[in-house]
Structure formats: structure tokens, C-alpha cells
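Numbering (the numbering used here), first residue to last: 1 to 1002.
A portion of the hints provided could be inaccurate.
No farther apart than 16 Å at their CA atoms in a straight line, the calculated lysine to aspartate or glutamate pairs in the EDC-like style are these [claimed, not checked]: (1) K445 with D347; (2) K440 with D347; (3) K444 with E552; (4) K440 with E552; (5) K445 with E349; (6) K440 with E349; (7) K444 with D354; (8) K444 with D347.
Since the hints were derived computationally from the structure, they do not count as laboratory data.
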Amino acid sequence: MSLAWLVILPFAGSLCAAFVPSHARNAAAWLAGTVAVACIALGIQFYPQIAEGEVVRATFQWAPAVGLDFKLRMDGFAWLFAMLVTVMGALVILYARYYMAAQDPVPRFFSFFLAFMGAMLGVVLSGNLIQLVVFWELTSLTSFMLIAYWYHRSDARRGARMALTVTATGGLCLLAGMLILGRIVGSYDLDVVLASGNLVRAHSWYLPALILIALGALTKSAQFPFHFWLPHAMAAPTPVSVYLHSATMVKAGVFLLVRLWPVLAGTEAWFWIIGSAGLMSLVLGAYAAIFQQDMKGVLAYSTISHLGLITLLLGLNSSLALIAAIFHIMNHATFKASLFMAAGMVDHETGTRDLSRLSGLYRAMPITATLAVVGAASMAGVPLFNGFLSKEMFFAETTFVSGNVITRIGLPTMAVIWGTFSVAYSLRFILQVFFGPAAKDLPKKPHEPPRWMLLPSGLLVTACLVVGMFPATIEPYLDIASRSVLGPGIPFHSLAVWHGLNLPLIMSLLAMAGGVTLYRALGKYQQGTAVVPLINRFDGQSIFQFLLKKLESFAGTLTRWLSTERLQVQLLLLICAVFASALIPFSNGGLPAGNQPVAPVHPAFALMWLVGGACAIGAATQAKYHRLAALSLSGGAGLATCMTFAWFSSPDLALTQLIVEVVTLVLLLLGLRWLPPRYKSVDDKVVPLQTRLRARTRRLRDMALALVAGASLSALSYAVLTRQAGEGISNFFLENSLPLAGGSNVVNVILVDFRGFDTLGEITVLGIVALTVFALLRRFRPAPESMGLPVQQQVQDAQIPGWTPDPRALLPEGPMMLPGVLVQLLLPISGMVAVFFLLRGHNEPGGGFVGGLIVATAVILQYLVGGTAWAESRTRIFPQYWIAAGLLCAAGAGLSAWLVSRPFLSAMAWHARLPVIGEVHLSTVLLFDLGVFLLVIGATVLILVALAHQSRRGHRKPATAHEEPEAAVPAATPRVAEITADLAQPHPISHAWAPAPAPKEG
């Protein structure tokens, strides 16, 4: 279980940080730091087992029938990466505490950051291929939120969209590749997959799986040709860049390549696909880094290059190259994180990262400069630093590659060229920023940052020095990680500072000399331009934007062909498609009726359907000009449907349909209130005769199509229902509802137990829809012609000029006082009835859905009678919280099954005997149904609130002499004046709600 906490803690911390006040930066930082340190402690406790070569596992049943379990798996390589994620996360949290500005909402930052950490730990520790892909996409989503943290900046929004588009698309490719891989092996369990390398490589689907998985890994690690998104992600705050480049996101791609190396490596296809992408990224990234004008831009392109080095090593199909790749993953994390922190400190204390403006900062920031020099030396591969050791291993591996002359000579040559570029941009990064004459006209006067901000970078450069000078300190951890990938028989390797005068050392000396020469040669050219010579026209971003524009253009064209803004045309296409579908079974000689006897039609049932059909036809004829009548008639058709369900012994469906009809009718009334009115007499006078004839022809066509399509579907239904039914699944539910699920109401048992996962997804969608409707209607403004007050309200305002209801009154004022008393009494009664249906739903007709709709209906009545202001002045729990509570209850019911090692959403029951009540049956099914109950209340009321608020936006106060009126409210109609005159006579109850007269003076 402690392995599960390693993943759970960051997500729990993220949720807690989201509720921390936006100004409580210290509390949020302490919370995030505590979570990161706790994860480090959890990881350390596994070291004795990992050092012995054990694999720590934790399995929670999810869907065992289809072989899907939530499985966590930690071997040596996963442990090393998990420690990298958590330790680097703790250092970045400390750094971010002092980097983020006082006006930044720091708790939101740490909430996203901890979720990012949890997603990355999920990727590292996943023991199931599909589960790994889920966490993989979570890293894309959380990184999107972090990159767009400063969403007021257009570059941050653009960079976040680009990163999400590229990496999420790669994630879809990865999902397809994992599905193929699992199909080849016959299991999605990672242990089984890792043991099936020979089977996978010999399979005919190996190449498609390899290509798809490579697309997922290369897009995530920003490798050629998908490298263009990473420099644009530098719009994120520097702590995000530190974490993104050192231990998460871009490292996820190379982690996956190492993880699946025993399964996919060892073929020519692997060599050319992975090796070529790595080689192109290695050289082009280093070359582009030389000409960047932004400090973070230099580091971003150098990350592309160093990840290309790791990818190339993995593509060489060599065990020693794999060990070198794992070693460089560790080294790159330390020196790249320290350099990004140095760039952030320079930006934080000077106000700029522009290399053309920075110079001579060593005098004002000596500690920062020293830390940056050490990190840059390690990045350039200078001896006595950790980067030198892994660079030497890389040079050695390129010299041992077998094959044709191109690979045997070309790879070492390209390695030296890369080393030259690496030294050149490292020198530029240090000399141009920290040495030379002091910079002038900087936005801020440079000075050292706070010492606690320097501490994380100091610890990292210390690690660079210690590993570089005493490589034996890191060798046990490298050995643990390598053995978990390669098995016990790993090849001999030596991490030594001095191996004698050999070819790799000569290549290093050539690279350093060439880098110094290149830096001096390009000195003047680098000062004034950020254009990368030779390859500036081959811009990945431009290609990406071009493809996006073409995709949007194609989507627009397709939308114009297949869609229209008019609902009538869309319904026409839909009915035509339904009609064509109904004709398919009749295409091969027809579909005669079956031989099953037809049940006799009861006269009462026939009469009920005649009435329902008449209501439906009446609703269609009245819908254009008489909306209230059309809605009332449609309610009659719905009532006929409810009675049909009851007739055929489906009380659950009948009850649900009845409540849904009531709620839907009220919500439609609220929505239709804001549509502009249509008057038949006016239309007949204005519309030309030819247009009216065309409209009538169109209606006749639509009616004929509806009749033909309806008759075809009726004939198809009759032909199917008169046949002998095949073996279905209904008998299974009927036989097992009580013994397996403990409920005799089969419909409710299916919803909350047998198909509980479907219901969980459906209520989640319902909550999302409610929030979306609320968000959209907040920006909606009614049409000016629909803003006029209803006749009844105009009459009321005319009777008592200046009267406005008081929302703080005990009861609704005015003519709604008496109905207000009734609906207030109705609310607790409806709540009691709703709880009754909720509790009995597992064995009798009812359930959480019906109970939630009953409470929602009672709340709707409060709005209708008291008005929006009066009802909301008494609201204590907002609908959004009802939705959140419902989802938490439903998800908690599912997760509680893991406490007893049972599959997700498995029902658990307890029996207790209370002194007065007697025996009580408690089940997690009730908790799940309670979640449905709460969410239905919240979603329905939230949509109601969105519609009700239109009345507060539609009617504005009269414009003053200096203001333009927002919307013209029509004057009182003659009908209103007539009613007002009639009501001017004294009325016996008028004094009950009229405002009290002002007291007379004296």
C-alpha cells in the first residue's frame, strides 16, 4: 500500500493546495514541500528491497474480467526515476517559493505542480500498459496548465496549446501502439510484456507497434521532427522549465524507450527509426542553441540535443550504450536543472534574459555566476564534472558501431561535431552573461537572490562535482537501474575519470578545442541576431501552424457541407439517415414479419395512445406561434409515454420519465422565455406570397418524409419484435440481481452495481454539461425584443409604481405571497419524499436519480414563486458544490472496494443491529446512489440558475441622460392599460402586499 501512497500523495496535495487562499504563498509552499519530502521518504524505504534485485508490486483490481488491473510496479530503473522526480520536485518547490512574485496565485501553481509530479510518478510506476498511457496523457494535461500559468500572456497560451497538441497527439499514437503490443503479447501486464521480447520482434505487427510507440516517445521528448514545441514552452515560469527539462515531461519519452528496450530493441528498424531521430536532434539542437538570444532558449535547444544523445544511445542496440543512456539521464537532470535555476535567478534579479543586454554579472552576482559556470562546464563535458563521464561513454559507443562505412565513420564524426557545438554554446552562455564589461540600462539593478533560492542550485552543482570526481558514488544506483532493464548479466563498464589516452579522450579534446575556436569565430555574429543560419527556413513551428491552418480550413469546409445553422435542415439530414438505416434490412428481398402472436390491444391503451399522438401532432402545429401551448401538448405526449411504461410493468421507468417530464418542461419554459416572439398576423402581411408558398411546400415535404421514415421504422420494429428473441443478458440480471448485488430492483441494481462504471461516466458527463451550460449562459444576453416584461408583471408595476420586492423578506412579496407559503412547506416534504425514494431504490422503484429530480423540482418552484433574488438570498450550498460532492461520493464508493482488495466499484455490505431501529443494512451501493442523488440536484439547479439569471441581465435600470439605454423595454400595451384601469378600483386584499405609506410629518 505504501507504493500506492507514492502516487496518491501528490494528487491529494494538489487537491488541498487548490483550496488554499491565493495569498497564502507560504502555506502552499510548505504543503507542496511536505508532500515532496514525504514522497522522497517513501521512495527511500524501498531501497533495501530494490538493492536486492526485488520488484515491488501493488495490485488493485479494476476490471479483472478483461485483464485490466490498477497495478504499480517498482524495479531498479523505476526507483531511480521516481527518486529523480521527487528529489528534483522538492528542490524546485523550494526554488519556486522565492521565484514567484507576490501577485502570482502561488497555491494554484503548486496545485498544478503536484498534479504534474503525481502524473509523472504514475508513468514511472505503472505496471499496466493502458494505465501508463492514462498517466502519460495526464502529464500532457498538467504541463499544459503549468506552461499556461501566466495565461494573460499570449506567448504562454500559444506555447501551452502547441505543447498539448503535439504531445497529446503523440499520446494517441502511443495508445494505439500499446493496444497492438498488448494484442501481440496477449496481456497488458508490463511484467508479461517485458518477458515477451522475442515474440514481439518476430510478429508481423512489430513494425506498426514500433512506429506508433516511437511517435509517442519522440513527441514527448521533443525529438526531431517534433522538437519545435519545446522552445515555445519556455514561456512558462522558470521553476516549470526546471522541472520539465530535468525530471518530467521530456524525460518521459526517453524513460519509455528505456522501459521497452528489452521488448522493441535489437532490430534494424529500431536502429534506423530511433537512432536517426536521436542523431538529427543531437546535432540540430546543439547547432540551433549557439544562435539563441534568450538564456532559456539556449538551454531549451541544448535539452533537445542532450535528449537526442540519449535517444541515439538507445538506438544503437548496445547494452553498454543503454547503460550510458541511463547515466546521462541522471547527469543531464543535475546540470540542466542548475542552469535553468541560474537563468531564472538572472531574470529575477535583472529583469531580462536577453543575452545581447546581459554582461559582467559576475561582479554583482558572484555566487550565481559560480553555480552557472559549474553547470555549464558539466554540460560542455569538461573533465572532473559528471557530464564528462557520460560524454566519454557516448564517444566510446559511437566508435564501436558496426555496419557500413557511413555509420562507422559518420557517427564518430557527428559526435565530435556535436561536442564542438556543445562547448561553443556553453561558453557563450557563461562568458556573455557573467563576464565582460558591466551591463547598462538593465530593467533592475542586479544583485544576488535570497540564499534559500541559491540552495537548490548549489546542491545540484555539488552533485555534478562529486559524481565527476568520485564516480564510484553513483555507480551502485546506476548498476541497480541497469540490471532491472538488462537482467543480471549486464556487461562490464567502468566509471573512471581517467582511462588513459584513448580515442574517446582524443575526441573530447578535439571537441573542446573546436568549441573554443567556433565561439571566437562567431562572436560578432551572435551579438545581434537570433536567426539560425542554413536551417532558419526549415522552421518546425511554421510547418505546424501551416498544418493547423489547413486542418481548420478542411474542418470548416466539411462543416459547411454537412451542417447548417438551421435546426430544420439538420433534422432533415438526421431523418434521412434514419430512413436509410430502416431500409437496409429490407434491401435483400424484404423482412417479413415473424410468427410470434401479437398481444391484443386494450381499448384503454389504444385511447391513451390516441390522446398522446394527438398531443404530439398538436405540439408540432402550435410550436411556431404558440410555444406555451406546444410545450403543454408535448407534456401530454410525455405523460402517455409514462403511462405506457407503467402499463408494461416498468414502474421505475414510468416514475423517472414523469419527473423528467416535469423538470424538462419547466426548464424549457425558462429557456423559451428569452426567444423573440413571433406573430402570425404580422408575418402574413410582411412575407411575400412566393415565400409563403415555398415554406408551405417545404413543410409538406418534411411531413411526408416524417411519415415515411416513421412508418419504415415501425415496420422494422414490428418485424423484429414478432420474431423469437435471441439469447440476451436480461436473464443474467434477473437471476443474479438479488444473490450477487443484494437488491431486488433489477433496474436500479444494473445502474449502480452491474453497470456502475457506465453510470459513473454518465453522471460525470452530466456534471460537465451543467457547468458548460452555466459558463455559456453567463455570456448570453437576451434579444432586445424579448426583454419586455410579461403582461402580468407590467400590470403589477402599473398598480403600485416604484414597488420592488425585497429579497430579504421572510416570504415573497406581492401576489406570490400565498404560493410562497405553499412552496416553502413543500420543500421539506419533497426532501423527505426524495430521501424515501433514495433509500428504497435498491429494492423498490426509486433511486438516487428520481430522488434528485424531486428535490430539484422543489427548488425550481422556489425560483418560480419567489424569484431569482429571493431564492438565492437563501441559498447556503451552491450547485457547484452539490456536483462536486456527488462525484466524490460516487468515486469514493468505487475506491472503497480497494481497501479490501476487491475490483473497483465492487459492492460491499454491512449489517448492524441498532437498539431502537433494529437491523440496518448498509452498502457502498447506497453511497454511490447518494452521489447520483447529489449530482442530479446540483446539475439541474445549476442549469436552472443559468436560465434564471437572464431575468436579472435582461431588465436594466433606466438610462440616465448621459447613458445610452442598454435595451429598449416596450411600453405598456393597450391590454396592459385596460387591465390596469380595471384593477384601479379598491380590492379587498390589495392592502396585504402594497407598500406601507410614508409617515406624515408632524
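Taking the hints in turn, this is what the structure says about them:
no., hint, verdict
1, K445 with D347, "11 Å, holds"
2, K440 with D347, "15 Å, holds"
3, K444 with E552, "43 Å, violated"
4, K440 with E552, "46 Å, violated"
5, K445 with E349, "7 Å, holds"
6, K440 with E349, "14 Å, holds"
7, K444 with D354, "13 Å, holds"
8, K444 with D347, "9 Å, holds"
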